[in-house]
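Peer 1: Work out the full structure, taking the sequences as your base and the hints as a guide.
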Amino acid sequence: EIENKQAALNVYKNAEGARVDIIEAAEKEIAELKQKAYETEIKRVEDLLKKKQEANQKLYATDIELAENVQEDTWLLRDKGMEAAIKQHEDTQTKITELEYKAGLKRASDAEKARDKALKKQERARAKALKEQERAYKKMMDNIQDYTADVFYDILDGQIESWDDMFDIILDSFKKMLAEMVAAKIASGAMSLVFGGSGGIAGAGGAAGAVGSAIGGAGGIMNGLSAGSTL
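Numbering (the working numbering), first residue to last: 1154 to 1384.
Calculated from the structure, these hints are not laboratory results.
It is possible that some hints are incorrect.
[As the list claims (entries may be wrong)] Pairs of lysine-lysine residues, derived as DSSO-like cross-links and limited to a Cα-Cα distance of at most 30 Å, are as follows: (1) Lys1329 with Lys1284; (2) Lys1328 with Lys1284; (3) Lys1259 with Lys1248; (4) Lys1292 with Lys1274.
Peer 2: What follows is the structure, encoded as structure tokens:
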């Protein structure tokens, strides 16, 4: 009976040992599987991280390249903008210089035209004044001739009996003639002053000079005639 118990105990121990071996083998296999799964997961995570890092590096490189391109484009645009601004400034200065040059030429041309116009106007005024002086002198000489002819006609006609009478008649005639000339010229000068500026004063002054010369000439004539006291 003891042997049977011992045999049963041995069988139990052997069965228990076999079960323990199976459990240990299963646990070992599970541990190995876990280890493999862990290593696989670790490798997968490492691969994923590596790929993500590579992608980030590529993206960073792309961003850097893009930033460099943008910066280069910005520099180019800035340089082109600066060149355009400089060119625009130069063009503006050139246009300003051309406009100033043209304006200077126009001012010089206008001044020259105004000078030529003033010279022509002055020349016309001078020619007109000379003609007026010639006309006044001719009229004066005609009047002198007419009055002198009248005096000598009276002498020849016997209306004048002495040199004193002749001188009185000549003097009265010349006074009347000169008074008419001066009055006419002063009136003409006054009208010119009102309607034509200062030319009338100059004309009147010229007429007065001509009248003065005529008086001197008349005085010479009368001095010549005073050689005798009677006809």
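Peer 1: Each hint: holds or not?
Peer 2: Verification of the supplied hints:
no.: 1; hint: Lys1329 with Lys1284; result: 24 Å, holds
no.: 2; hint: Lys1328 with Lys1284; result: 25 Å, holds
no.: 3; hint: Lys1259 with Lys1248; result: 16 Å, holds
no.: 4; hint: Lys1292 with Lys1274; result: 26 Å, holds
Checked against the numbered hints listed earlier, the structure breaks none of them; every hint is satisfied.
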